[in-house]
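Chemist: This is what each chain is made of:
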Amino acid sequence: MSEHTSETRDDAPAGKSSPPPAHGHAEHDHGHGHGHHYPNLAHHFDTPQQQFDAGKLGIWLFLLTEVLFFSGLFCAYTIYRAMRPEVFVYAHYFLDTKLGALNTCVLLISSLTAAWAVRNAQLAETRKLVVNIVITIVCACTFMVVKYVEYSHKFHDGLLPGARFHPTEQVWELESFKHKHPEASEYAEHLTEAAKAKAAAGAAKPAEPAAAAGEHKAGDAAPAHPPIERVTKEQVEPLLKAGVLGEKAENPTVPSKPRNAHVFFSIYFFMTGLHGFHVVAGIIVWVWLLLRAKKGVFDGNYFGPIDYAALYWHLVDLIWIYLFPLLYLIH
Amino acid sequence: MASPSTTADVVAPSPAGRADENYLTHEKGFLSWILTLDHKRIGVMYLCSVLIAFAVGGLFALMVRTELWSPGHTIVDADTYNQLFTLHGAIMVFLVIIPGIPAALGNIIMPLQLGAKDVAFPRLNLASYHLWLVGAALMLSSLVINAVDTGWTFYAPYSTSTATAVTPAAFGAFILGFSSIFTGLNFIVTIHKMRPPGMTFFRMPLYVWALYATALIQVLATPVIGITLLMMIVERAFGIGIFDPALGGDPVLFQHFFWFYSHPAVYIMIVPAFGVISEIIPVFSRKRMFGYKFIAISSLAIAFLGFLVWGHHMFVSGQSVLAGTIFSAITFLIAIPTAIKVFNWIATMYKGVIHLETPMLYALAFLWVFTIGGLTGIFLAVMSVDVHLHDTYFVVAHFHYVMMGGAITALMGGIHYWWPKAFGRTYNEKLGQIAATLVFIGLNVTFFPQFVLGTRGMPRRYYNYLPEFQGLHQLSTIGAFILGTGFLLTAGYLIKSLKKKADAPANPWGGTTLEWLTTSPPPYYNFHTPPDVTKGPYDGYEELTYDEKIRGYVAK
Amino acid sequence: MSGTILLLSTGEQPADLPKFPESPEFWMPLDASVTSRNVDWIYHFMNWMSLISCIAILGAMIYFCVKYKAKSRAANEKAQSSSDHSTTLEIGWSVAPLFVVIALFVWGFKGFVDLRTPPKGALEIRVTGQKWKWLFTYPGGMVDDVLHVPVDRPVRMVINAVDVLHSFYIPNFRTKMDAVPGRYTDLWFQATQAGDFPVLCAEYCGTSHSNMLTHVVVHPPGGYEAWLDEQKNKLLSMPPEELGKLLYEKQGCSTCHSVDGTPKIGPTWKGLFAKSEGFTDGSSGTVDENYLRQSIVDPTAKIVAGFAPAMPTYQGKLKDVEIDGIIAYIKSLK
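If you're matching them up, the sequences are chains A, B and C in order.
Counting in the numbering used here, the first sequence runs from 433 upward without gaps.
Counting in the numbering used here, the second sequence runs from 5 upward without gaps.
Counting in the numbering used here, the third sequence runs from 7 upward without gaps.
Check the hints yourself; a few may be wrong.
[Unchecked claim] Here are the simulated PhoX-like pairs of lysine-lysine, each with C-alpha atoms no more than 20 Å apart in a straight line:
no., chain 1, residue 1, chain 2, residue 2
1, A, K610, A, K560
2, A, K560, A, K726
3, B, K434, B, K539
4, A, K610, A, K586
5, B, K434, B, K503
6, C, K75, B, K434
7, B, K503, B, K32
8, B, K355, C, K340
9, C, K323, B, K553
10, B, K539, C, K75
11, C, K325, C, K240
12, C, K84, B, K560
13, A, K665, A, K530
14, B, K355, C, K84
15, B, K434, C, K84
16, C, K251, C, K240
17, B, K297, B, K539
18, B, K539, B, K505
19, C, K238, C, K281
20, C, K77, B, K355
21, C, K240, C, K270
22, A, K586, A, K530
23, B, K355, C, K73
24, B, K539, B, K32
25, C, K270, C, K325
26, C, K276, C, K251
[To be verified] Computed far set for chain C versus chain B, every beta-carbon distance over 12 Å:
no., residue
27, P35
28, C60
29, A76
30, T93
31, L110
32, V112
33, P187
34, E236
35, E248
36, L278
37, D304
38, K323
39, K325
40, S338
Source of the hints: derived by calculation from the structure; they are not laboratory data.
Ideal Cβ positions, reconstructed from N, Cα and C, are used throughout, including at glycine.
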């Protein structure tokens, strides 16, 4: 048992590290901080290295919690997509893939400038640091603007979550659907017309597609107006996959939408909304860091906050990179 | 190990190691408390808040037990009763036991045990406390608006369709989740990066090990309840259709998400309690902890396994037999590291020198009550038996034995063990022993009859009940009032002790962990420099001697 | 025969509650199904193991407290032993309990699989849970609020719920299964003695969760078939108002509608027929046969002002003759 002498326990000024002990010591490195005065070293840390390491571990733990937070939603997504794939196929046509891709690029650029900013901070290159932070913020704001545009389109088109889901357009009327499946789109329009005519004529049964080549499961009866001899795979399969016709649809024989179609938009708004919230939080953090950076406080001994913010930002980017294909690029 | 007598050369010395200038007197005024960055002050604020919440939750419990004195209407109607048990559960789980030992006692003591000046992120620590206040306010606002009546488990679709104020209560729990996450994050970084020279992981006090394992669970599990509560709130507001079958959702999915957090949460509640017991028993047996490494590692094992067993709450939910089987098997595995702890604690007492003051009485009570609680967990892990016992009073008895009997008893033990250190005052030991006895008797009289109620088929959350159960209910209610009396008495003498002048020595119990090196109460800066650590946390009792004059221990 | 469970609003006790038959033992209720045996046996085994463990652990604890009690702090006594680890002991007291828990797991698993595997050829009865009533649908379509089963025959209950989670629990049979809205679950049992056993709801479901009680009548051989026949004939030959009155109890209408003018979750039936009412959508009208029929099959279409859309639909659950009976009953309540 060694007695620790009282000399080292007198009124030492805060921040002075103890002399390197002869025996093994704890994880952090005492470094060579003797006598230095670090303006940004908190009183409860011994060296800037210890402070930086602590912050780094802290931000990684925080990011871990964020991953777990989002994982619940990714889990819900996976379960509902496995249970009801047609809902997801149906709904993705309503999303604007171009805008989604634009947002992806914008976030990637902002991640680059964020990483660059860390390097600037380490080298105390204040001007470059400020520029990079500004670009990051601009990209983030662009992302939110594009999001706003997307959301307002959706609200306008009646694509709201849950019980408020009342799309103003039919999926086969959308450009994205027509572009990919022109025959199916025409066929769906044809069936809809035929059903309307039948209803107008007071017929009891809705029109049914004639049995022909093609794996649809609907029963057969000759449609009244006008007759179609054969139905092809290209005409019917996309409609079945999207739950517009067949057993998953609200109405098996007249083109409509799949049951529980609103669930996709619930998940879409929840996931992108929560992500957007994190983007906004990131913008606030970057603005605050910008104000501090302008004062030139960051240097080789103190660049932690930029590093941590950049790490957070990379995670926000990464989450979007998962969201984009899962929501927009469904086949 | 640094000598305990070096407190003599610190500020305002006195032979007993008291200090008139300490963290409590260092600054004055409301703002110096509510905006403090001192972990000890934050811990004290947590302690007061948690104990007040405990009183409120306890009051609701007494009202529940009073109502159950007779079948049918006794003092309240069915809706009010449902609100009472819901709030009792929600307050106790989210406001008291989860924050309890880590945020209150852990904040005061843990940095001291590490010879550190503070936790890694003092501002985040303060933010944790403020978030607790906000979460508590939201939860209690539900009380005022139209108190939530879903049970603390918020099962859908009842929770997504009932007219009571579920959203403020759930949002409050959501905020409290962040309070918990930030505390856990802070503790993990502190333990990794701020240990003193010489303190390897295996020289840390077992209390710190316990807080470390708990913090890991807090950080990994709590985000999941966060997203679950958020999903439930959004479901109520927008009908998104995730849990409500009428909108295309799945109610069993809610249960999976909910229990994925809430089962690890019960380990957040009990592992710190294990840590407190691990501190008290060696000191009060004047003997090194037996099986130190096993106790340390078992905390991590319990934390890990705790993530894999959530489905044992769902054997009758319609979950598949295969899933149930896996969950049951892993649940049994958790019994092993838990049993190891109990055996090691008892082995520590073997051939020791046992001092039976209040902290040790609570530790012994813990061993008794937790053994019963833990064993009854095994009953519930057996799949076929659980079918009969699920959602009956057997489950209620089980979790009250481990939570009230485990976590709360350990909290009481820890409060009494560290009271002289944290506040510089000694409490009335005789009253302490009486109160501990009342609490112990009250616990058993309240909750043991509930095992019988459960096996006989009495379901839980029942306002009304079949007359054949009345006798056991009345016995349980009597026990509840004995328990309440014990706590009231405790509150009385503890508060009274604060009014007298500081009289506690630096080391009243003869501990060898680092917090006993400081004065009682400690100075605001804890230590000028971290002490050098050359041996284990329970080594060196023979180097201390009791000084009658100061009623405390000093180095020989 | 079939008991009538009255609504319990603020806690009055109903006229006849289900009652547990006297049990031969302290812990468990009377064992009345083949499914009880595994459960009871394991339970008692665990009881004994727990008692032995407690005596050992807590006995050691108390013994050490007494034998090694300190005289005083001032005496500064030293611990007699300083041993602080023993790998042998650690392995020993980890492995020994491991054997026990493995055994318990295997027995429990086997019992559970048995509990969840109905034998082929089991009699199937549907049960629906709704706030706050259990309704049983028998082969042939007859509905009752009490469960009737034959003795010594496997019975499979197909369970679902219409509103929130409930749980179908028969303590004397040691079996339970959640009633989940939107899907079907099931459980089975085989009663081993004739008698009357309580059936309880075991998943919290709101205000009257604790009053969602009924019972299972286990008939001696031949009794179940006889009862079923009697019910069918009764329904066919009853005057409409009497049929309506019977259905008022059996179908759960009494949970929310009174017949004596007391306000409840739904409008009272007393004086209801031919009344002029305002509805929540702003319109108004007279309560006639058409309105009553609509309220039964599509209850949320036109709700009387001041009431919530809480009624479940009975579309497909009531035959036309039964709806006519209810209407006739309501008409008779002036």
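Chemist: Which earlier hints can't be squared with this structure?
Modeler: Of the numbered hints given earlier, those the structure breaks are 1, 3, 8, 9, 10, 13, 15, 18, 19, 21, 24, 25, 27, 28, 29, 30, 31, 32, 33, listed in rising order.
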